[in-house]
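Protein chains: 2
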Amino acid sequence: MNAEIIAVGSELLLGQIENSNATFLSSELSKLGIDVYHHVVVGDNEARLEKTVETALERSDLLILTGGLGPTKDDITKEILAKVTGRELVYDENTEARLHAYFAGREKKMTENNLKQALIIQGSYVFPNDHGLACGMAVDVSGKKVILLPGPPTEMIPMFERYTGPFLQQELHTKDQIQSKVLRFFNIGESQLVHEIDDIIESQTNPTVAPLASGGEVTLRLTVKGTDASENELKLEELKQKIVSRVSPYFYGEGEAQLHGIVVDRLQELKLSIGAAESLTGGDFSSTLTEVAGSSSVFKGAIICYSNAVKEAQLSVPQEVLTKEGAVSKRCAELLALNVKKLLKTDVGISFTGVAGPDSLEGKSAGLVYIGIAVNDNVEVFKLQLAGSRKNIRERAAKHGFYYLLHELSKEKVDE
Amino acid sequence: MNAEIIAVGSELLLGQIENSNATFLSSELSKLGIDVYHHVVVGDNEARLEKTVETALERSDLLILTGGLGPTKDDITKEILAKVTGRELVYDENTEARLHAYFAGREKKMTENNLKQALIIQGSYVFPNDHGLACGMAVDVSGKKVILLPGPPTEMIPMFERYTGPFLQQELHTKDQIQSKVLRFFNIGESQLVHEIDDIIESQTNPTVAPLASGGEVTLRLTVKGTDASENELKLEELKQKIVSRVSPYFYGEGEAQLHGIVVDRLQELKLSIGAAESLTGGDFSSTLTEVAGSSSVFKGAIICYSNAVKEAQLSVPQEVLTKEGAVSKRCAELLALNVKKLLKTDVGISFTGVAGPDSLEGKSAGLVYIGIAVNDNVEVFKLQLAGSRKNIRERAAKHGFYYLLHELSKEKVDE
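Going line by line, the protein sequences match chains A and B.
Mapping the first sequence onto our numbering, position 217 (from 1) lands on 260, and the numbers just tick up by one.
Mapping the second sequence onto our numbering, position 279 (from 1) lands on 322, and the numbers just tick up by one.
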């Protein structure tokens, strides 16, 4: 089965936003073993969208269209599909009910055009939208399958993950199963990682190994194809062990695991509470940690000590440290970690101080970062020299914080 | 003149990387007044690439292909173009010289396949690659223009900016200039905004009005075409005034302006310092505010009071308030804003408390948010009921914080 992904929206052709939907869907379809042969982007233009759909129906078994399901006049995807396939547009009761409930709940009045979002192509299978108003749908067209999804990734991605993905899985009913395992690494470059396991990558055919670098991390996707699920799983596990044994210091988790999620799990296991003192990162560390549902069981709070006055008054960093060694110093990081731990009565304290840039600070150049980690009575300070934009430096500093924290916590014992 | 952007590379169809080249090129072409009607992504497959190029030559005046110019076997773009257009591939002397110089400089020996990167389609105009090895080129094909650019954005973008852009400008020799203005709105849905100005959108031809919703915001892009730049600017400004007068409460800025950037500017104008007390948002507000370079001139710090213990100990919220009215209450938001302002000795205090979910808290359901804003002696609390995932609720709460803050600050006078 080969697929084509069609994004509808003039804003894409104007370069206002990226077609990240195509990237997400391609990666999901490849997991399902569906080959994607074409991405197409077309504007909110009836003639060109119609032609695009006709061409796609000739050459592809599966069409996924994103965008153009909204309430405004330039949202025409359903209308064109109905025209090309010679079907009626009808109201979907459930979606209509959701619309009314949505506006009732918000004491906003629903404008007439909103009802458009409850229209579906007759005979189509509906995907509910848990994060927005426009429903998605799947419809069979002369042996081909056409799927319509909303444009905003915040609506499309959860809809695909919860409804469309499983729906496709069922439709495929292939005997071969594609299974994959993603291994996650931090603090090692893609080229170095590939270099370390080059022979493994070369010699592998099933499972295959595909490296990918993004957001300062490197992942390896192991993909296996076979009829026996448990045998597939076994092959993946064997290969994983083989790889991890080579580069264990950098390996931190599998699948969707994220450094901050693992840190929360680990703190919960160890029954340790944590507090943070953030200067450089300005709240980025705490904000990321508290993205994890249930983080409140371990995270008590933080002091964002952006100004030296706050470092002094709230976190008792002596003035002479700030004047002599500076706010960006090993000593300051150490004190911030120890004192925030004491102030918030936690078992662990972590601190971030550094120069985010663009300008230098205290005669120190952008990218210099100190991360202090105090666990019980022991405190460590890690020094980094990061490159990149202000945003990158802050984000990567926070990520390194989670990474070093994991290393420090690995020294702790779970008390029974 | 209408254009089509064709990206060549299987990694795009596997979802390993995003087609950011198409986004960049679209935005550049629209500045040149060239309409982009199609984006296409096709893999490193001869038959499909050939068909894609043929289709594009039928429907588009300008083709820009990115990728597939490298030294490896799966780089086939030039070969296919030569085949479709019936031309020879010949070596470009300058590019060949650059290749030899590159490898000489690195004491690496050049492998035979590297020479492939000096091959150009006979009769084409060459764009040098200042950041890599594969040159770009432009070739005329039966009245159409075909441009080939390297895939890596680090090579393609500088090549376009320095060589391809100016080349196109010359080719166009149009007197018409395209100018556009982006108006930014918050706290109003796309459908409601469009509803409010429907008649304006309908009646406009030059400038045109295009709405776009993303990240909880709505933007309107006003685009005008004309030979006289200042007259264009005038038309845009007139239309802007007409629109803003209709929906002024929701309008907050133009172009790349962002709520948090405007808040920092406004605080600097007013010479007001700010501190935050973040429970619900866990540092998201402060982290966003401190993304702005120079924010340290107004932002002193914050207390992330995730646990009630910290709300009590650091921000003096009386226990009876937490037990009777709860941490998620108007009163708590009020006290947090007032007390963080006092604690950190700032002019403005802002607080966030609420239920991020997924679970309810204190019998209050996910999405209930209170934002407290204390400016000098005056304190306001804003109540919100947000929908969506935990992440969305937190992010949108922080954004609303900036939005309400802007409204409160608009009441303040700049003291001369």
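Accuracy of the hints is not assured; some may be wrong.
It does not matter which identical chain is used: a pair holds within one copy or between any two.
Simulated pairs of lysine to aspartate or glutamate, DMTMM-like, Cα-Cα distance not exceeding 25 Å [as the list claims (entries may be wrong)]:
#, residue 1, residue 2
1, K268, E89
2, K94, D78
3, K224, D78
4, K454, E405
5, K434, E61
6, K314, E97
7, K285, D183
8, K188, D458
9, K187, E405
10, K152, D242
11, K314, E233
12, K454, E245
13, K268, E97
If you are wondering where the hints come from, they were derived from the structure by calculation, not from laboratory data.
Verification of the supplied hints:
| no. | hint | verdict |
| --- | --- | --- |
| 1 | K268 / E89 | between (40 Å within a copy, 23 Å between copies) |
| 2 | K94 / D78 | both (22 Å within a copy, 18 Å between copies) |
| 3 | K224 / D78 | within (17 Å within a copy, 40 Å between copies) |
| 4 | K454 / E405 | neither (35 Å within a copy, 37 Å between copies) |
| 5 | K434 / E61 | both (20 Å within a copy, 20 Å between copies) |
| 6 | K314 / E97 | neither (60 Å within a copy, 60 Å between copies) |
| 7 | K285 / D183 | neither (44 Å within a copy, 46 Å between copies) |
| 8 | K188 / D458 | neither (55 Å within a copy, 65 Å between copies) |
| 9 | K187 / E405 | neither (65 Å within a copy, 50 Å between copies) |
| 10 | K152 / D242 | between (63 Å within a copy, 20 Å between copies) |
| 11 | K314 / E233 | neither (35 Å within a copy, 46 Å between copies) |
| 12 | K454 / E245 | neither (35 Å within a copy, 66 Å between copies) |
| 13 | K268 / E97 | neither (31 Å within a copy, 33 Å between copies) |
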